[in-house]
Amino acid sequence: MSEPILEMTDVSKRYRTFGGFGRGRGGFLAVDGVSLHVERGEALGLVGESGSGKSTLARMANGLVVPTSGTVRTGGQDLARLGRRGLRRLRRNVAMVFQDPLASLNPRQTVRQTLENVFRAHGETTSTAELVTLLESVGLGAEYLGRFPHEASGGQLQRVAVARALALKPDLIIADEPTSALDVSVRAQILNLLADLQRDQGISFLHVSHDLAVIRLYSDRVAVMQRGRIVETGPSDEIFRSPRHPCTRALVEATPEAEPPPWPAGALRDADEACHDHDHVSPNDHPVVSRPEAGATEH
Amino acid sequence: MSAAEIRQAEGRGTPALRRFLRKRSGVAGLVMLVVPLVAGLCAPLLVWIEGQDPSTLHTDLLDPDGGRPLGAFGGVSADHWFGVVPVTGVDLFAQIVYGIRSSLFIAFGASILSIAFAAVLGTAIGYFGGWFGAVAGRLIDFMFGFPGLMFVIAIMAIVPEEMPRGLVLVLVLAFFGWTVPARIIGAQAGAVNARAFVEAARATGAPPWQIIRREMLPHLFGLVVVLFAMSLPGNVSVVAGLSFLGVGLRGDVPDLGKLLSDSLPWIYSGADVWYMLFPGAVVFLIVFGATLAGDALRDVLDVRTEDAA
Amino acid sequence: NSQSSSQSAEPTKDKNATALESVPKGQTLHYLSRRANESFETANAQMVPTSRLRWVHRGLTSWQTFPDKDTVLVPDLATDTGTTDDGGKTWTFTLKEGLKFSDGSPITAQDVKYGIERSFAPMFQGGLGYHKTLLVGGADYDGPYDGKKLDSIEVVDDRKIVFRLARPFGNWPWIVSMPAFAPVPAAADTKPETYGERPVASGPYQVTSFRKGSQAVLERNPNWKADTDQVRLAGPDKIVLDMGLNNDTIVQRLIDDKGADKNAISNALISPSQFQRIESDPSISNRMANSPSGYFRYLAMNVKRPSLSDVRVRKAINYAINKAELQSVYGGPKFGGQITSTIMTPGIPGRTEYNLYDGGETGNVDKAKELLTEAGVSDLKLTLTYPTDVSAIEEKEAQSIKNSLARIGVKVELKGLDGDTWFELISSGDGDYDMTTNGWGADFPSGMSTIQPLFASSEIGDGGGNASKYSNPKVDAAIDAAVAEPDLGKAATMWAAIDKQIMEDAPIVPILVQRTQALAGSKIMNYFIPAYPPFANELVVGVGS
Amino acid sequence: MSDPVLQIEDLCVSFTSGGVTADVVRDLSVSLDGGRTLAVVGESGSGKTITGRAIMRLLPRGASARGRIVVAGREMLSADERELRRARGREVAMVFQDSMSALSPYLDIGAHIAQALRLHDASVTRRAARARAVEMLDRVGIPEPADAVRRFPHEFSGGMRQRAVIAMALVNRPALLIADEPTTALDVTVQAQILALLRELQQEYGMAMLLISHDFGVVGSAADEVLVLYAGRQAEYGSLRDIFHRPAHPYTAGLRAATPRLDARLETGGRRTRLRAIPGAPTSLRDAGPGCAFAPRCGLADQVGERCLVEAPLPTARPTSEVGGLHLAACHLDRLPAPQEVAR
Amino acid sequence: MIVYIARRMVTAVFMLLSIAFVTICLFFGASKDPARSMCGKPCPPETRAKVSAYMQTDQSVLWQYTEFVKGLFAGRTYGQGAQQVHCPAPCFGYSFPNRSDVTTLIAERLPVTLSLALGAAVLCLVVGIGLGALSAIRKGGVVDRFSTGFAMFGLSVPTFLVGLLVLQVFGFMLNALPYSGFVSFSESPADWAWHLIGPWMVLSFILAAGYIRVTRTQLLNELSADHLVAMTARGASNRQVNRHAVRGVMVPVAAMFALDVTALLGGSVIAEKVFSLHGLGDLLLSGVNESDLSIVVGVTLFSAFLIIVGNLIADLLMPLLDPRIRRV
Ligand SMILES: Nc1ncnc2c1ncn2[C@@H]1O[C@H](COP(=O)(O)OP(=O)(O)OP(=O)(O)O)[C@@H](O)[C@H]1O
Ligand SMILES: Nc1ncnc2c1ncn2[C@@H]1O[C@H](COP(=O)(O)OP(=O)(O)OP(=O)(O)O)[C@@H](O)[C@H]1O
Ligand SMILES: [Mg+2]
Ligand SMILES: [Mg+2]
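Residue numbers (our numbering), protein chains in the order written: chain A, 660 to 958; chain B, -2 to 306; chain C, 45 to 589; chain D, 836 to 1179; chain E, 3 to 330.
FYI, nobody ran anything at the bench for these hints, they're computed from the structure.
Some clues are possibly wrong.
Partial chain D-side listing against chain A, Cβ under 10 Å, derived [unchecked claim]: (1) Gln1026; (2) Phe1051; (3) Asp1137.
We put the beta carbon where it would ideally sit given N, CA and C, even for glycine.
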């Protein structure tokens, strides 16, 4: 088999906080020495509790987040060596789909402008016909070109977001919880769309989700994260059939099934302790009351 | 705000201009601002129509003992639409329309300069964040330590005479005017920068300039316009206030603030209250108009300016 | 054989001379001052001898003013107004007998000398300092605080003091009326910095309470004897001096004339906006003092500038100025001032009226143009500089001059500068300006006090007041002679001649003799402004009931 | 049998804005007994929250409710302010979706619980109230409760906050608890704990619970009865088992088929499966025409024809497997075809 | 918390020193010679040089700065021997025309400005928060309309116009208020207030506008906040909810107030001029008019000091108002 489309070796990310004159005290270690790879044509599912570093890890794949240490090779290129221009060129081949379609589309741009900007970013131009083809490939009609985000539903917007991801014919799509903001009835539509892309166009996927059922359905392999580390990886069937790490087990058991008998309360709580501790308050929970000094993810 | 409301606010439901024109207070404000503005721009024409000029003294129109304008309403007549200035008999209308020029020139200059700088810096703070944002934040904190008006007064007192005072005023006002807007824009730009669609654009490989230009600026534009509209009346007031304190413009350039401070003794004594009325009304019109218009703009563009200080 | 230096009018022994009313003893006088830094320090004061400073301090000589006569110099602490026997180079004064400070100690010649010496200290700069360059060794003297003495002031005995001048100076008796010549007992000068807040008094009042910047209260000095003092009436029992009030507020209060303000006088300036109100109400206008004469306003032309070096151009400008308009700008003939064509102002001995360039009150445009053509000048462009922070008037004055000159085709560019910068410019040797407006008030009533500082070539540059850069050796010689002349009557005629001699060269355009006005409360008596100085005599003011 | 704790009859909620009045909830009738849990499911905007708030008479500005709501014998819609105040918090309490914004940032956790207590019983001293707060925190499983009462909301993790909110809601032992998506913002593992806790406390206190959720999984593990809302209308109502095993409304069936399940692969023998998605996007009552709101997305509407587009179906009784159970569905079709045929 | 306080203090001192540096560079580097006005009449160059040396204005800017900073902590001496004047620490410079150290001058004027500023601050906070809260609670009502209009006026009308209006109407026309003068609080609290009502009205009219707006918007936000809905759900009455909502307004109000210390000082310059009060602003203007650089620099820096202290207090107050800021 050829080189993996994505290969991360021992990557870590420490977020620094700014304030006062000095540096923040140490910062927060969001990803801690993770190694992982995605083969070409493969869909890797990344699961884990909130704040475990899934999004951070996923964003390191296309350089949106720069790792504090470790190497990331995407499409055979070492991101650290690419430089800013190189990184931008790389992003032709690595597209992203985000959680909230309404938020990830600029409310002041029409669908056409949104799509055109992708080409513009790489100095290219497109024809309307191309754009229409693109929209049709995600199941939308040409009439959507002139619409603003608020003129379309969540599911339609997520299709637009997928179209944007597909615009430059990427090899790898990073999907960060692409369906968790969608209604149940629509969620299935998008998941089906992504699955078709993987099958028909051979696009590789890094699929982040906290919904095990979703991962199970659409991923070839699964990586389970806990507090910045990957605690277990393997083919998804295997992992879900016989989870080895207590955390994975807790996750699997906690996932509500469609129709179990009434909840076995006591049993569950013991299992959880392995994965989640009450006192862990992630920095996420701190409201940002101080003066806004938003951190950049790109340097 | 619900998602629907956000959609409403940010979307292009109706163009901002149309929504603005639907607001009565905003349109009234705009008119109040624009009429004096146009009068100032067309000063030579208007004064020519009136048949006067801003420098000829008409001592014959004054009470020889003390120089109070003869006639009612401070000497209002067909020749002198707003009457004449006490002591010199200079045409008040000409003084005012030319005065609007200098006052508004300074206020506009200062507002444009300070808001432009604030916009650039604020966008940079929002875009780069990190240590740049931290340093810029400190700088703004530092600027907040300056006792604004007092410092301006002090500076205006030591301006070397070679420098044109109008320009110095513009610079000084701009120097103290950029901080709050920069912080507000910075906060807003930071918030925009943190929004998912900006990250999405980054993920498509868009270059920084495209991100700023196409993703961030459209979301900051309204704020910048509103901040500009809000800084304008403040600057007009300060320019007039400095003249009132005797440290404003000098020389024979007509200036609204100077007219006002000149008129003080005349209202103190009740000898010619009209002298204050006309320039006072014009200053009030400009300032109040700009405030109304700015406020309406803020509503229309749905910009929040209160919470970033 | 001493030569009296007194003036034409003999000082009267009778205090209540001519129109002066006798004032009752008692009551409280209120003084409303617009100045915040009022003090009773003499070493750096710039005030005339008829001012409130002299409630507390006496000098060797002083001034006596009358509503209807010229001001005269009279002895104060001294028995006479000084004697010289070498043509004005050495002056001798003798103190009256039995004079005492408020603390009971006798006033001696030593105290006078010490008071003068203090004024040389760098910490006390800023006062009227004519004596500093006149006294031998004055230029290098730095005051008594480092133990040095000024030997040109000789204390012969407790009552006799002799001054040795570097050159003959006929007006010395006037100089010794200035603030620095008040006696200061060295023993009391332990904290020079604040001495002026509660000085040892030689005058009829002593400071009993002093709050810097806000209020001073003066009460009677028991050791002052009325029979030794011919200039102070000392009517009120108590004087309250309120400092740092807003000028307009003071005027308003005086107009309103309520409560204690009925007993008040002030140093507030009345702006033209008030005239109408005052005029229209006799109960107010009766309380207003208007000066018959006052400051000299003129337009100085920088004769060093090529464009103004031709006397015909300067004469043309003299003809062109519309003085009537300027008079109007200053508030008209009644409140603003009198149009003038001479340098010396009424009230200065020797002043004679003449008009070399009579263009009528509004100017003679034709004559002016004629002179310009004669000089072969066309398209003349000149700058006119003026101070902007004194009052708004300067700017209007400049505007009027600009308009006047526009009539004869001279383009004027106005340059308003702040006071300090303006003064710096016109008092420097090579100031870059063509014309400036200026005003001048004499520090003592003599042609010397106006002509010498404004027209002597020694006054060009280095802080001198010769704004026209006028330099005429003949005039310089005449000035030197007049300055030295101890016979002031003779000197007066000499000054009159110099006045005209200068105007022949037309370095300036005399414009106005500016009037000043002052208001007093309704109970105030003896409130008037003499021809010179243009201030009310605060020492004779009384409070009626 | 005693009276139901909650009884809703013909509830309509409408919003008025700019002179236009629009219903967002229409003709809702349901009743709930003590000790039982009714899950309200439906997609975003279907009116779940509005229904919950209508019960407490906590509607946003511009909203008005008609119909009848009876909680523990009290008519809520006609109650006056004082009565309402007495009912709120004591007879019916609420747990909000976002625990962070539901807690005042300025009060510590203890003060919140104490306040909830003292609002209804002024005789409780401050000290006693705080002692009760410690007890309650202990009861909901917060470690070191004596220390925790002094902490502020932002110092708690999401799960702990939700526990605190539950403690606050239950401190007055209400007859009815309305839990509006109490676990949506939480991790799966925490979600399981919270649901278990709610269930446990419900049994202990014998209260009725209205559990609002959009997640079929949550519903399946926590409810006794289920109410499926679509565009503000009751699509289907029935016991948990009926809803899951014999859904009578195509929407209910579609939702079930579209929900990914952990055991999905096992069923299909390890091959990749596709979910059966419901086409289109959820509509709100406002946008709905006169007919069945679900008709535009319904794969079976063609079978019925015109009627679906012109006439809104009323809930009618359907077969049930429970003894004495009630199963209602609002569909013109009497019987659903086999699952494979439901979705297009 | 202690670390936080200490850090804020260090920052404040550092800021003051930097502002002093900028100020002194600017003013002592300027082309004006303070010795000019102290030189007297006549003023030959030698005299002027002497004066300049005595006033220490002939030294370099950097020297001025170090002397100034030294003076702040250790006092400063001008001249030698018996002529020397000492300016005790904290020395903000020495004003020769006034024969007084600037610190004393400031100390004399401070009660006026503080009375003016504090009174106006209290008034504008009470009026601003009060009207803002009322208009938020009764949104769209009469009070709301009135105070929105009032705020708009206050925001736009220049301070001196309001001042003159108040002076003209209440002082001169109605004779209802004294038009000038200051009575110290210790002398007679009633007279003190009576003399300051006019300026207070003017300043608070201008400043209240901002608080009305902030209070109104924040309270409206706050009132629709979930935690207040939750409070109602717990059975709290409207009054209890409103009272609690006001807490949420205090933080932005405090933040705004910190910035308004500057505006208060600036406004009091104008109010002092209009009402002829002798406060810091008047001192500054007199310094400007008399070219007394020591006063100009001293007052400016002292005002900076006041502002920084004001900000510091607001910063330290903030955690008390909002526990979320209380971390570390
Ligand atoms: N820009 C940032 N600055 C500081 N800390 C950050 C930043 N971004 C993320 N973090 C922190 O890093 C940790 C991991 O965050 P990340 O977003 O990768 O988690 P996640 O697994 O995606 O969580 P979720 O499921 O909630 O999306 C979190 O605790 C978060 O608070
Ligand atoms: N304040 C409001 N003004 C106008 N319409 C509103 C308001 N709040 C809710 N609505 C409308 O009422 C309907 C029902 O809203 P509700 O909040 O009950 O939905 P929900 O089922 O709880 O959805 P979600 O799952 O998103 O919480 C929606 O169509 C919504 O647009
Ligand atoms: Mg994430
Ligand atoms: Mg909801």
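Next item on the list: Grab the minimum C-beta distance from D:Asp1137 to chain A and call the hint holds if it beats 10 Å, violated otherwise.
Entry: Where the cut-off is 10 Å and the nearest Cβ of chain A is about 19 Å from D:Asp1137, the hint is violated.
Notebook entry, point to check: Can we keep the D:Phe1051 interface hint, with Cβ of chain A closer than 10 Å?
Noted result: holds (6 Å)
Next item on the list: Report holds or violated for the interface hint on D:Gln1026, using the least CB-CB distance to chain A and a cut-off of 10 Å.
Entry: Holds. Min distance 7 Å.
In this structure, only the earlier hint numbered 3 is contradicted, and the remaining ones agree with it.
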